[in-house]
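K.L.:
As you go down the protein sequences, you meet chains B and Y in turn. Under our numbering, the first residue of the first sequence carries the number 1, and numbering increases by one thereafter. Under our numbering, the first residue of the second sequence carries the number 1001, and numbering increases by one thereafter.
Bear in mind the hints are in silico, worked out from the structure with no lab data behind them. Treat the hints with care, as some may be off.
Said to hold, decoys possible - Derived PhoX-like pairs (lysine-lysine); straight-line CA-CA distance at most 25 Å: (1) Y/Lys1052 with Y/Lys1077; (2) Y/Lys1100 with B/Lys57; (3) B/Lys3 with Y/Lys1100; (4) Y/Lys1100 with B/Lys55; (5) B/Lys53 with B/Lys71; (6) Y/Lys1077 with Y/Lys1060; (7) Y/Lys1100 with B/Lys70; (8) B/Lys53 with Y/Lys1100; (9) Y/Lys1056 with Y/Lys1068; (10) B/Lys3 with Y/Lys1060; (11) B/Lys71 with Y/Lys1100.
As the list claims (entries may be wrong) - Only part of the chain B face toward chain Y is listed, based on derived beta-carbon distances under 7 Å: (12) Leu41; (13) Leu43; (14) Phe106; (15) Gly107.
Heads up, the beta-carbon is just placed ideally off N, CA and C, and yes, glycines get one too.
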Amino acid sequence: DVKVTQSSRYLVKRTGEKVFLECVQDMDHENMFWYRQDPGLGLRLIYFSYDVKMKEKGDIPEGYSVSREKKERFSLILESASTNQTSMYLCASHLAGGPGTGELFFGEGSRLTVL
Amino acid sequence: GNSVTQMEGPVTLSEEAFLTINCTYTATGYPSLFWYVQYPGEGLQLLLKATKADDKGSNKGFEATYRKETTSFHLEKGSVQVSDSAVYFCALRLYNQGGKLIFGQGTELSVKP
Chain B
1 DVKVTQSSRY
11 LVKRTGEKVF
21 LECVQDMDHE
31 NMFWYRQDPG
41 LGLRLIYFSY
51 DVKMKEKGDI
61 PEGYSVSREK
71 KERFSLILES
81 ASTNQTSMYL
91 CASHLAGGPG
101 TGELFFGEGS
111 RLTVL
Chain Y
1001 GNSVTQMEGP
1011 VTLSEEAFLT
1021 INCTYTATGY
1031 PSLFWYVQYP
1041 GEGLQLLLKA
1051 TKADDKGSNK
1061 GFEATYRKET
1071 TSFHLEKGSV
1081 QVSDSAVYFC
1091 ALRLYNQGGK
1101 LIFGQGTELS
1111 VKP
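When you get a sec, could you build the whole thing from the sequences and use the hints?
P.N.:
Put into structure tokens, the structure is as follows:
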């Protein structure tokens, strides 16, 4: 079965802390994504990666960075957390060049609260 | 720009009622269209999809038809169950954009027994 695992379901951090959100997929997918989910705004793309060590900005990259050192792992980094980054963060993966379904496989999400 | 607009929630229905969740889109070219569902405490999962005009996607009793002339992809189900209570997201994928999806704001559905 397809599996995307996000290491932390709930985190509470303080303003200014550095935060790491980890995501691992076991499907050998090339593409991985980080979205944030906020009520009334749906899902907004932060960053995505089409291959190891490659990354591209999404629609709301400010205040975030990412790392993809291995194919199966895609990390989201908040260099200095702020209260407006309190949100649900969703990781997803996608098989490049697949049957063209466009299907994303999502993790269960990481709910981050910044105090 | 490219975008997806869904009807606002929450939508509250009684069991066995008919469901429609409206979704319209703005996109260049001919996108593929998707409905994802998020059950409480879980991540999103694909519910159904349509890749070209007039295609009908269906799954678990849900249906949606890709209407190019009205740029719509409304989700319907004839008889909802309590277990259908979830948040539903409409999304589009532009041609040759791989897995990059543009999502609507989500519509929360609550079904009462």
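K.L.:
With reference to the structure, classify each hint as holding or not holding.
P.N.:
Cross-check of the supplied hints:
Only pairs whose Cα atoms come within 25 Å are accepted, and Y/Lys1052 paired with Y/Lys1077 is accepted, the gap being roughly 21 Å. A threshold of 25 Å between alpha carbons decides the hint, and for Y/Lys1100 with B/Lys57 the separation of about 12 Å falls inside it, so the pair holds. Pair hint B/Lys3 plus Y/Lys1100 holds up; C-alpha atoms about 19 Å apart against a cutoff of 25 Å. Distance hint between Y/Lys1100 and B/Lys55 is fulfilled; the C-alpha atoms sit about 13 Å from each other, no more than 25 Å.
Taking the CA atoms of B/Lys53 and B/Lys71, the gap is about 9 Å. The hint holds against a cut of 25 Å. Between the alpha carbons of Y/Lys1077 and Y/Lys1060 the distance comes to roughly 9 Å, so the proposed pair stays at or under 25 Å and holds. Taking the CA atoms of Y/Lys1100 and B/Lys70, the gap is near 20 Å; set against the 25 Å cutoff, the hint holds. Restraint check for B/Lys53 and Y/Lys1100: the C-alpha separation of about 18 Å stays at or below 25 Å, so the hint holds.
Annotation: proposed proximity of Y/Lys1056 to Y/Lys1068 holds, straight-line Cα distance about 12 Å (limit 25 Å). Taking the CA atoms of B/Lys3 and Y/Lys1060, the gap is about 22 Å. The hint holds against a cut of 25 Å. For the given pair, B/Lys71 sits about 18 Å from Y/Lys1100 by alpha-carbon distance, which is consistent with the 25 Å threshold. About 6 Å separates the beta-carbon of B/Leu41 from the nearest beta-carbon of chain Y, less than 7 Å, and the hint is met.
Interface restraint check for B/Leu43: the shortest CB-CB distance to chain Y comes to about 4 Å, inside 7 Å, so the restraint holds. Restraint check, B/Phe106 versus chain Y: the minimum CB separation of about 3 Å is within 7 Å; hint holds. For the restraint placing B/Gly107 at the interface with chain Y, the shortest Cβ-Cβ distance is roughly 5 Å, inside the 7 Å limit, so the hint holds.
The earlier numbered hints are all upheld by this structure, with none contradicted.
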